[in-house]
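S.K.: Throw the hints in and build the complete structure from the sequences for me.
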Amino acid sequence: MAVINVGVDFGSTGVRAAYGTPGEPARFVALAGNEWPWPLCEPVPRGPLPVSFPSVKSKLGLAGSVQLGGHTVNPADLVAAALRRLRARIVAETAAPIGHTVISVPARFFASQRSALLDVAGAAGLGEVSLVTDSVAAVVGHTGGEATGTFLVYGMGYEGFELGLVRAVRGRYRVLGYEGAGAPGGSTFDEQVLGGWLATLRDRGSLPDEVRQGETGWLRLRGTAEKVKEQLAAEGPVLFPMFVSGTNGQPRLTVQFEQPPFELLTRVLVAGTLDRADALFERSGLDRESVEAVVLVGGSTRMPHLRKLVSGLGAAVVPTADEHLARGAVLHAHQLVRRSSPGDEDQLGMAGGGAAEPVLDTPPLAATLLTAPGGASSAAAAEEATGLAVAQRLIAEGRREEAAAELRRLIAAAQELLHEITAGGSEEPPATPDETAAGGRNAPDLLSLARRRLDKGQYPEAINLAHLAWQREPNRADVFDAMIDIHCVAAMANPTIAGFGRDEKWLRCALGHDPSNARIRSLLAERSYLHGSGLHRAGRKDEARQALQQALAWDPEHRAAEELLHRLGGRR
1 MAVINVGVDF GSTGVRAAYG TPGEPARFVA LAGNEWPWPL CEPVPRGPLP
51 VSFPSVKSKL GLAGSVQLGG HTVNPADLVA AALRRLRARI VAETAAPIGH
101 TVISVPARFF ASQRSALLDV AGAAGLGEVS LVTDSVAAVV GHTGGEATGT
151 FLVYGMGYEG FELGLVRAVR GRYRVLGYEG AGAPGGSTFD EQVLGGWLAT
201 LRDRGSLPDE VRQGETGWLR LRGTAEKVKE QLAAEGPVLF PMFVSGTNGQ
251 PRLTVQFEQP PFELLTRVLV AGTLDRADAL FERSGLDRES VEAVVLVGGS
301 TRMPHLRKLV SGLGAAVVPT ADEHLARGAV LHAHQLVRRS SPGDEDQLGM
351 AGGGAAEPVL DTPPLAATLL TAPGGASSAA AAEEATGLAV AQRLIAEGRR
401 EEAAAELRRL IAAAQELLHE ITAGGSEEPP ATPDETAAGG RNAPDLLSLA
451 RRRLDKGQYP EAINLAHLAW QREPNRADVF DAMIDIHCVA AMANPTIAGF
501 GRDEKWLRCA LGHDPSNARI RSLLAERSYL HGSGLHRAGR KDEARQALQQ
551 ALAWDPEHRA AEELLHRLGG RR
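Last residue of the sequence shown: 572 in full-length UniProt numbering, with the numbers rising by one and none dropped.
Simulated from the structure, these hints should not be mistaken for laboratory data. You may find that some hints are simply not true.
Claimed, not checked - Okay, derived cross-link-like pairs now, DSSO-like style, lysine-lysine, Cα gap no bigger than 27 Å in a straight line: (1) K505 <-> K456; (2) K505 <-> K227; (3) K308 <-> K456; (4) K505 <-> K541; (5) K541 <-> K308; (6) K227 <-> K308.
M.R.: This is the structure in structure tokens:
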């Protein structure tokens, strides 16, 4: 029986794995949400907020216990349970035994963290386990384990950033140097948004109820701030989607963020990482012209302004897919099985790794205070506030199913109102009786309505209805498959240059729901290729090369993308 090898991307916000046998395309699984508990909520003496939101990953090997959901738990137990679930998912899809597992970790991981991770991974039944840094895994994934060159990895995920200068020579990797720290990272931006929201409200003497609700309230605010950050990185202005009662009978208050201050914040935070990159080059005796490519990894590197800021680090800046580190780790596992001696890349860690992390002293993100339309007497506002308050109370009482039902009712009402607003200015004839409000419809009816929206080219509405259908009946596989299909059809229906960001967002949304779906990854590759082809026809060759490199990151076997990239003088 063939033995499979496994590569694991051990992330702060989730765990992804690639597995397979040498020479065959890797398959992927992922843990997220309740399968991978994050983040924690802990009080801090200093910072833009009275709490911070560290990951379980950051506590492994450093803390004997943490507080999670009102319970004291051991981080090692949480990680072990997650890795056992990961193994179970792999075993469920293949009967082959696991031979070697490589786990990618930050270079700044302490020795105690690496030792603890090796212990729990071995106990989880992942075979022989080795660790490799995120930077090396990124280069292995980029080169396919064969190419020669010098590469700079720029990684920024939820917690911190990593710069790795790596020399690749036909399947062997030598680390020329590392730089990195626990900040800035995605959590830094989340906390700046949340801090800006709170500071703006406090200036008017208002304080949201969530800050008095302990861990539950703070975690809810953090999740909302993360979504605002993601929207603000793409476009502005963006409203923080919570209303707070004004003082002394004043209208309810909300807060709006503009994109220019967010881009300024991004520039300030990224500037420090660019200085560290220059220091890394100088220490290694190299310069920016020495690298073949800058490989971007981590969710925070998807922010358009950040990509623009790091574009000068090398001749080519290569974005990567979510599975990139896992793919690089499994390729490295295949290499280790074939070797008789370890390589330089097995020497983990940065010099001086025990130093304390710096605290970034950055003012909260600037924002504008607004009053809610209709004031405090608005019936719709009162109903919304009541509904959300009911759901929050039910969650606090542990009555999650009832809370979910109340939230679905609110979502359905919002969908109806949104459709009335967006349809109001169109030339579309009035809806027929079977296309009216979605509030009381079951999942099949909502999917039928979504298909009709697709036929009319109303793609955002179709996806919203598909989401609502799945929320109504989340345990039905046919509803889930139909929801995924509607995402895919909408994303590929009209592949224009202007619509690429929207289409990619829909496909990434689908992949977030179904991380192991090969069709979605194939469509992401194809959509990126079509974008690159369109940019090439428009004479935008640099952008075209980046799009084609992204296509090959999704699907290294995409022949058309590879041929066009070669014609444009680009490299994978």
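S.K.: Is K308 close enough to K456, meaning Cα to Cα at most 27 Å?
M.R.: 36 Å, violated
S.K.: Is the hinted pair K505 and K541 satisfied, with a Cα-Cα distance of at most 27 Å?
M.R.: OK: K505 and K541 at ~23 Å, within 27 Å.
S.K.: Checking one constraint from the list: CA of K541 to CA of K308, max 27 Å. Satisfied?
M.R.: 16 Å, holds
S.K.: Are the Cα positions of K505 and K456 separated by 27 Å at most?
M.R.: Distance of about 20 Å is within 27 Å: holds.
S.K.: Keeping to a limit of 27 Å between CA atoms, is the pair of K505 and K227 held or broken?
M.R.: Given pair K505, K227 holds - Cα atoms ~13 Å apart, limit 27 Å.
S.K.: Please verify whether K227 and K308 have alpha carbons no more than 27 Å apart.
M.R.: 21 Å, holds
Of the numbered hints listed earlier, the single one contradicted by the structure is hint 3.
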